[in-house]
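Participant: Hey, can you piece these two chains together into the complex? The hints should help.
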Amino acid sequence: MADSTPTVIGPDTTIKGELTFNSKARLLGTVEGQITAKGDFEVAEGANCKASIDASKVTIDGLVEGNVTATDRVELNAKAQLTGDLTASKLVVTEGASFVGHCRIGAASGNGHARSVETKPEARTETKAEPPKATAAAKK
Amino acid sequence: MSRKQAEPRLVQCYLCRHRFDISRKAMTVSCPACHKPLLVQDVIVKTLQAVKKLQTCGTLTVQKKGRVIADLVEAHGGINVSGTLHAKVVNGSRVRILRTANWKGDCNASSIQIESGATVEGGMFQVPDRSLGVEDLIETA
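Chains as they are written, first to last, in our numbering: chain A, 1 to 140; chain B, 1 to 141.
Isolated chain B (complex conformation) (with noise of 0.2 Å):
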């Protein structure tokens, strides 16, 4: 019997913004086009993370009492906030402010969700921000 085989998963790099394919189970590959390695797996903060860049392919989920600090936060697979989040995010897909977020920092995003009850504490939004656009996209042989 031949085993079904899992349909694969559109992903963007955030170095290059080439897109590409990848097996539904993956956790880290490197680009085709750039050959870098990547994190292509969901994140979901809980607690405080402060870090310089957070790039994930995936999505990045910041819960309730979770915060982010950072300077740079890209993950192309989608942004949810229910906690908050204090940096410059950009993002290939849609980002949501829920009703119990704090954000701080500018916003570039292909579209945008604010929830009534959010707080954003200044910031530059592009929305849609056509750099991340598929004409942008580098395109290999």
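Just chain A, with the same shape it has in the complex (with noise of 0.2 Å):
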């Protein structure tokens, strides 16, 4: 039931501080502080959000000044603007979109939760399958 209603920071809001969502959430105001969710994050267009994020899924359509971290994905859409770190396993950047910082997608993005996602399955099934063969043809 939580999933199916998102909490909505409505566009004539201004938050300072440090917002803790734990399902889906969705920003039309301005926000300036600390973001952390259990769900998805999404930045409406229009929206200003001067804060670090970290949740599953972020969604960006708006303004973003600070870093974003999502255990499965970014989506930055034709007029997001961020400015800041990415950190991710997976990002969709449309074109048009503004970025200005630096980036770590996918399997070696370093990020803790990142590990546990499969981004390229064929490549780390390449990586995983060789040397167990290699062991059990030597042993025998």
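Treat the hints as calculated values from the structure; they're not laboratory data.
The C-beta atom is built at its ideal place from N, Cα and C for all residues, glycine as well.
Among these hints, one or two may not hold up.
[Unchecked claim] Simulated DEER-style distance windows between Cβ atoms:
{"id": "1", "chain 1": "B", "residue 1": "PRO37", "chain 2": "A", "residue 2": "LYS38", "range": "51 to 59 Å"}
{"id": "2", "chain 1": "A", "residue 1": "GLU65", "chain 2": "B", "residue 2": "LEU72", "range": "51 to 59 Å"}
{"id": "3", "chain 1": "A", "residue 1": "PRO11", "chain 2": "B", "residue 2": "THR47", "range": "50 to 58 Å"}
{"id": "4", "chain 1": "A", "residue 1": "SER23", "chain 2": "B", "residue 2": "LYS88", "range": "51 to 59 Å"}
{"id": "5", "chain 1": "A", "residue 1": "LYS38", "chain 2": "B", "residue 2": "ASP42", "range": "42 to 50 Å"}
{"id": "6", "chain 1": "B", "residue 1": "CYS16", "chain 2": "A", "residue 2": "HIS102", "range": "27 to 35 Å"}
{"id": "7", "chain 1": "B", "residue 1": "THR47", "chain 2": "A", "residue 2": "GLY10", "range": "52 to 60 Å"}
{"id": "8", "chain 1": "A", "residue 1": "THR13", "chain 2": "B", "residue 2": "SER30", "range": "55 to 63 Å"}
{"id": "9", "chain 1": "B", "residue 1": "THR47", "chain 2": "A", "residue 2": "THR5", "range": "47 to 55 Å"}
{"id": "10", "chain 1": "A", "residue 1": "THR5", "chain 2": "B", "residue 2": "LEU15", "range": "56 to 64 Å"}
{"id": "11", "chain 1": "A", "residue 1": "VAL8", "chain 2": "B", "residue 2": "SER23", "range": "35 to 43 Å"}
[Unchecked claim] Computed far set for chain A versus chain B, every beta-carbon distance over 10 Å:
{"id": "12", "residue": "PRO6"}
{"id": "13", "residue": "LYS16"}
{"id": "14", "residue": "GLU18"}
{"id": "15", "residue": "GLN34"}
{"id": "16", "residue": "THR36"}
{"id": "17", "residue": "ALA44"}
{"id": "18", "residue": "GLY46"}
{"id": "19", "residue": "ASN48"}
{"id": "20", "residue": "SER52"}
{"id": "21", "residue": "GLY66"}
{"id": "22", "residue": "ASN67"}
{"id": "23", "residue": "THR71"}
{"id": "24", "residue": "GLU95"}
{"id": "25", "residue": "HIS102"}
Facilitator: And the structure:
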């Protein structure tokens, strides 16, 4: 039930401080500080977010100034403006998005959560499958 | 009968950022502003290419099995990466990092498109890069 109704911060709202969401959240207003969301977090068009964001999935349409960390994926849509470092398992950037910062995407992102997420299954199975075959053949 | 002339192609010099028209069939030209020879061909990388600099006024395509390891990659026609690219990239137009791509290095470009599944192993991204804009181009008489 909690997933179906996201928390919405309205366009005429300004919040300073630390925000924690247990499910989906959508930002239409202004936030300064730190945001942690267990579910998806969306920064809508016209929203202003001067905060670091830590969530499972982050979708950006507005302005974000701060580091973004996602365990699953980050989506920068055409009108997104992100200034800050980005760490995620998957990244989708639509043409027209603005992004200034360091970027670490995929299994090599170094994100503790990201390591458990399969981003490139083909590549991983190749590297993992080879050593056991060699050892099994040597024992025989 | 007069032969129909092909429309000229607009290119940007990767040395001085001057923009000028060339013939569509041209493979190399000299920049009218800095008088340096330029490569204007499209570059397609199918295997390993380890070089210091990879510069062209055309497009750079790194295919799925292609690997580019360089200090600097500059392709003002656009860059499409399906394989591996380890370099500092400067690009006046669009950079496309496709789902099979492995990217490592900085990126200064006008616009970027990253597909889901691509691996980006760090690097400073500046998109759009104002220093590559029209206002900074060298004006010639």
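Participant: None of the hints should be skipped; say for each whether it holds.
Facilitator: Each hint tested on the structure:
Between PRO37/B and LYS38/A the CB atoms are about 58 Å apart, so this pair conforms to the stated range of 51 to 59 Å. A beta carbon spacing of about 29 Å between GLU65/A and LEU72/B contradicts the range 51 to 59 Å that was offered as a hint. In this structure the hint that PRO11/A and THR47/B lie 50 to 58 Å apart at CB holds, the actual value being about 53 Å. SER23/A and LYS88/B have their C-beta atoms about 41 Å apart, which leaves the hinted 51 to 59 Å range violated.
In this structure the hint that LYS38/A and ASP42/B lie 42 to 50 Å apart at CB holds, the actual value being about 47 Å. At roughly 29 Å, the beta-carbon separation of CYS16/B and HIS102/A lies within the given 27 to 35 Å, and the hint holds. At roughly 55 Å, the beta-carbon separation of THR47/B and GLY10/A lies within the given 52 to 60 Å, and the hint holds. Look at THR13/A against SER30/B: about 59 Å separates their beta carbons, and that is inside 55 to 63 Å.
Distance hint check for THR47/B and THR5/A: the Cβ-Cβ separation is about 53 Å, which falls inside the suggested range of 47 to 55 Å. In this structure the supplied range 56 to 64 Å holds for THR5/A paired with LEU15/B, their Cβ-Cβ distance being about 57 Å. A hinted range of 35 to 43 Å for the beta carbons of VAL8/A and SER23/B is inconsistent with their spacing of about 56 Å. With a cut of 10 Å on Cβ distances, PRO6/A stays outside the contact zone with chain B, its closest approach being about 22 Å.
Non-interface call for LYS16/A relative to chain B: holds, since the shortest CB-CB distance, roughly 28 Å, exceeds 10 Å. Taking the minimum C-beta to C-beta distance to chain B, about 27 Å, the non-interface status of GLU18/A holds against the 10 Å cut. No beta-carbon of chain B is positioned within 10 Å of the beta-carbon of GLN34/A; the least distance is around 23 Å. At roughly 24 Å from the closest C-beta of chain B, the C-beta of THR36/A stays outside 10 Å, upholding its exclusion from the interface.
Under the 10 Å C-beta cut-off, the non-interface status given to ALA44/A relative to chain B holds; the minimum distance is some 21 Å. With a cut of 10 Å on Cβ distances, GLY46/A stays outside the contact zone with chain B, its closest approach being about 20 Å. Non-interface status of ASN48/A relative to chain B is upheld: no Cβ of that chain comes within 10 Å, the nearest being about 20 Å off. Separation of SER52/A from chain B is adequate, the least Cβ-Cβ distance of about 17 Å exceeding the 10 Å criterion.
In this structure GLY66/A is separated from chain B by more than 10 Å, as the shortest Cβ-Cβ distance comes to about 15 Å. Distance check on ASN67/A: its Cβ is at least 13 Å (rounded) from any Cβ of chain B, clearing the 10 Å threshold; non-interface status holds. Its beta-carbon lying about 15 Å from the closest one in chain B, THR71/A satisfies the requirement of being farther than 10 Å from that chain. Chain B draws GLU95/A into its interface by the beta-carbon criterion, the shortest separation being 5 Å against a cut-off of 10 Å.
A beta-carbon of chain B comes within 10 Å of the beta-carbon of HIS102/A; the shortest separation is about 6 Å.
Violated hints, in rising order: 2, 4, 11, 24, 25; the structure is consistent with all others.
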